[in-house]
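**Student:** Put chain X on the given structure of chain P with help from the hints.
Keeping their order, the protein sequence lines are chains P and X. In terms of the numbering used here, the first sequence opens at residue 22 and continues consecutively. In terms of the numbering used here, the second sequence opens at residue 151 and continues consecutively.
Please note that a few of the clues may not be correct.
Unchecked claim - To give an idea of the interface, some chain X residues facing chain P are shown, with a C-beta separation under 10 Å as derived from the structure:
id, residue
1, A153
2, A156
3, K326
4, I335
Simulated from the structure, these hints should not be mistaken for laboratory data. Yeah, the Cβ is synthetic: ideal placement off N, Cα and C, and Gly gets one too.
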Amino acid sequence: MSDPALSLRGVSKRFGRTLALDGAELHVQPGTIHALLGENGAGKSTLMRIAFGELRADDGVVALAGTNREWSSSADAIAVGIGMVHQHFTLVPALTVAENVALGDRGFWGGYTPARAAERVRKIGTQTGLVLDPTARVADLSVGAQQRLEIVKALARNARVLILDEPTAVLSPRESAELYGWLREFVAGGGTGILITHKLREALTLADDVTVLRHGRTVLQSAVSEVTEASVVTALLGDARGPRVGSARRSPRGMRTDAPVVELRRVSMKDARGVLRLREATVAVCAGEILGVAGIEGAGQFDLLRILAGRRAPSSGTVTLPSRIGFVPEDRLRDAIVPTMSPAENVALHDARHFRGHMPWRELESEAVAIIAEYDVRPTDSATIGALSGGNQQKFVLGRELRGSPQLLVVENPTRGLDIRAAAFVLDRIRSAQDSGCAVIVYSSDLDELLTLAERMLVCHAGEVREVPVEMEAIGRAMVGIT
Amino acid sequence: MSATSAFAEAVVRVATPLAYAALGELVVERAGIINIGLEGSIIAGAYGALVFAGHGGAIFGVAGALLAGILLATLFAVFVLVLRADQIITGTAISMLALGTTGALYQTMYGSVGAALTTPTFAPMVIPGLSSLPVVGRALFAQPVMTYPLYLLFPILAWWLYRTADGLALRAVGEKPSAAAAAGISVSRVQWLALLFGGAMGGLSGATLVLAQAGTFLEGMSAGRGFIAIAIVALGRWTPLGVAGAVLLFGAAGALQFLAQAMAWPIPYSISLATPYVFTLVVLAVARGRAVAPVALGAHRE
Chain P
22 MSDPALSLRG VSKRFGRTLA LDGAELHVQP GTIHALLGEN GAGKSTLMRI
72 AFGELRADDG VVALAGTNRE WSSSADAIAV GIGMVHQHFT LVPALTVAEN
122 VALGDRGFWG GYTPARAAER VRKIGTQTGL VLDPTARVAD LSVGAQQRLE
172 IVKALARNAR VLILDEPTAV LSPRESAELY GWLREFVAGG GTGILITHKL
222 REALTLADDV TVLRHGRTVL QSAVSEVTEA SVVTALLGDA RGPRVGSARR
272 SPRGMRTDAP VVELRRVSMK DARGVLRLRE ATVAVCAGEI LGVAGIEGAG
322 QFDLLRILAG RRAPSSGTVT LPSRIGFVPE DRLRDAIVPT MSPAENVALH
372 DARHFRGHMP WRELESEAVA IIAEYDVRPT DSATIGALSG GNQQKFVLGR
422 ELRGSPQLLV VENPTRGLDI RAAAFVLDRI RSAQDSGCAV IVYSSDLDEL
472 LTLAERMLVC HAGEVREVPV EMEAIGRAMV GIT
Chain X
151 MSATSAFAEA VVRVATPLAY AALGELVVER AGIINIGLEG SIIAGAYGAL
201 VFAGHGGAIF GVAGALLAGI LLATLFAVFV LVLRADQIIT GTAISMLALG
251 TTGALYQTMY GSVGAALTTP TFAPMVIPGL SSLPVVGRAL FAQPVMTYPL
301 YLLFPILAWW LYRTADGLAL RAVGEKPSAA AAAGISVSRV QWLALLFGGA
351 MGGLSGATLV LAQAGTFLEG MSAGRGFIAI AIVALGRWTP LGVAGAVLLF
401 GAAGALQFLA QAMAWPIPYS ISLATPYVFT LVVLAVARGR AVAPVALGAH
451 RE
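Just chain P, same shape as in the assembly (with noise of 0.2 Å):
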C-alpha cells in the first residue's frame, strides 16, 4: 500500500482542563473518501484543525505522503495542497464570488486583477462542474453555491486532500446529492477526501474507509465494506455505561392528566436565510409528563425547545403553551444570567417586562434569598451571580424558573459542566417539579441522562421530529437517521 496521502499519529491536544484529543489516529489512503465520525465533542473537528494548521497538537505526528510536517499556520498546509471547508464559512458577503477566490493573494502590481480572477472561476467550474458567476456577491448566494464557493477557494489553491466538515449538514437533499457525485469525481482524478459527518448512512453510502472517534481517542479504523451500521453505532455511542447520576427511572407519582398542557401543530422553523430548520413538528405533552429530546447538533432541536419554552415564534403551524413557563437555556452565562448583576437583580431579570415604576426590590431580595436557600446555593452571600460556580449558578437559575409553579419547565442539558453531587440536586428537583403537576421537557446531549429522566423520547434528525421508545440502540439509530 502506498503511504496515506494524510497521517495523523498519537495526537493529543489539551483545551484547560478539558483533553480533547488524547492519542488519536487517522490514516487516509490517497485516493479515497475518508469517513470521520464521532458524537459531538468526540474531537473531530479538532483532529482536521490540526491537520490544517489551525491548532496546534500538543504531542502527535502530521504526515503528509509519508513525511512528517510541521505547521506554523494554515498558509502552510494550503501551500502543499490540503484544502478545509470549514461548518462555518469563511467567506466575505460583501464581495463577489471572484474576490472571494482571490481574497489572500500576495502581489501589488502582478498577480491580481479582477479579470483574471472571474476567469480563474470560470475555468475551475468547466474542470470541475463547480460553475458559480465570478460576478455574483456572495451575499446574494443560496446556501449551497456558498459552499460550492468554498469548495472552489481550496481548488484555486491547488488542494489536493480536501477536509468537508459536516459539508451537508445546511445543505437540500438535492444539493447534498449533487456534492456527493462531485466528490467522488475528484477523488476519482486522484484527490483524496476527508468527511466529517454526523450522518451515518451517507458516511457509509459515500466514504471507502472509515474512522471513528469517541471522546478523542480513536476507537475504530476499518474499511467501510467490513463494518455494518450497527458495529458503527456501537463504536460511535460506545457500550460501557459509565455509573449513572441520580435514581433510576421510576413511574411517576405526580398528578397525570391526560390533557395536554403543551402543543405543537405541524409546527416549522426557517432560519433567517430561509433554510428549514424544523419541518412540520408535532409534539403534546400532558402535565407531570417528563418528554425528554435528543439529537445531534442543528438537527432543530434548538429552535424546537425554544418555540416550547416560547421564546421563539414559529414560521409556520399552531402552537399552544401554558401561561407560566420555565426555562433554562443550555447556554446559561449567555442566556439565563447576568453574571454582574446581583441574585436579586437576576431574579427580577425572570418576568423583568412585567413590572413599571417602582422596582420592588424588598420583596426580590427576599425571594432571592429563599431560591438560595431552597436550592442549596453556595455560598449563599454572593454579591453577583457570576461569582458563583457553574453548579450554584445552575441551581440558582433553576430554582428561579420553579417559583411560582410553572405549569411547563423546559431544561436544556440541565447537569452539563456539573460535579455529580450538583447534578444528582438538579435532577432530583426536576423530578420534584414532575411530581407536583409540571409538564417538563429535557433536552440532553447526554443519552444515559435522558434515559434515567424520560418516559417518552423524541428525536430530531435534519429538522424532522420523530417519538421512539426509550432505548439507547433506538435513540442513537434515530439521531443519526437510520428509521
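**Tutor:** Quick look at chain X alone, frame taken from chain P:
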C-alpha cells in the same frame, strides 16, 4: 471674475482640506475602523505645518504636517489596535487632546498676539491652458499646489481599492476580518497601515489650511472638518467616486457663505457660517438607513 466662477473657485477651495481628510478616513473605514480622532490629525497637521514652515519654508511645512498627522494616528492605533480600547472614546479623547495641546503650544511658543504671525505659503499656481476653460477653469486650475495631488489621489485610490490584491485585502478586512485572517491576511497590519495613511491625509488637510489658505495658525482652526469628513464618507457611501462627489457638495455648502457675502444676501453672517454644520446634520438624516457601510466598521475585536 463673475459671481459664478468666484463661487466655483470657493467650492474647490473649501473642498480641498475636506477632500484630504475624507480620502484618508475612507481608507480607514474600509479597514473597519472609524477614526473620530481625525480632527486631531488635522489640527496637529496644521500646527506641524506652521512650525516646520517657519523653519524651512512651505515644502518643509508639508513634511511637518504629515509627521504630526501620522503621530496622532499612531497614538489612536496603539490604543485601538494594541490595547483594544473603544474606537469612539479613543478618537474623541485624541481630538480633544490635539485641540487643547496645539492651542497651548501655540500660546507658549508664539504668545497670545500670535495672530500677526504669518508663515510661508503656497501662492496659487495657474496652469496655462486648462485655467482658461469656461466657468470651472480658474476654479480647478488656478489653485494653490496643495489642491492638485487630489486630482490624482482619487482615481488612484479607486483603482487600488478595486483592482489590486491589497485593495481587496483592505475591503475584506473591513467586511469580515475573520475571513480575511483565514485567507492569510494580517488584519492588524492592514488596519495599522490604513490608520497611518488616514493620519497622513489628516495632516495634509491641516497643511492646506495653514499653507494654502489662512497663512497662519488659529486655535481650533480645524473647525470640525474631521467630523464633517466622517459624514462625507458616509454620504459618499464608502466609494472614492461617491466621496469625491460628497466633498464637492460640502464644498458648495461652505462656499455659500462667500456667495451670500458677495451677492449681499440679507442673511446674518453667523447663520451663513453655520451652513456646513447644518448641512452635515441634514445629510446624516437623509443618508441614514441606506447604509452600505463596511460590516465590521467600528467593531470591537477581542
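**Student:** When the hints from earlier in the document are held up against this structure, which numbers fail?
**Tutor:** 1, 2
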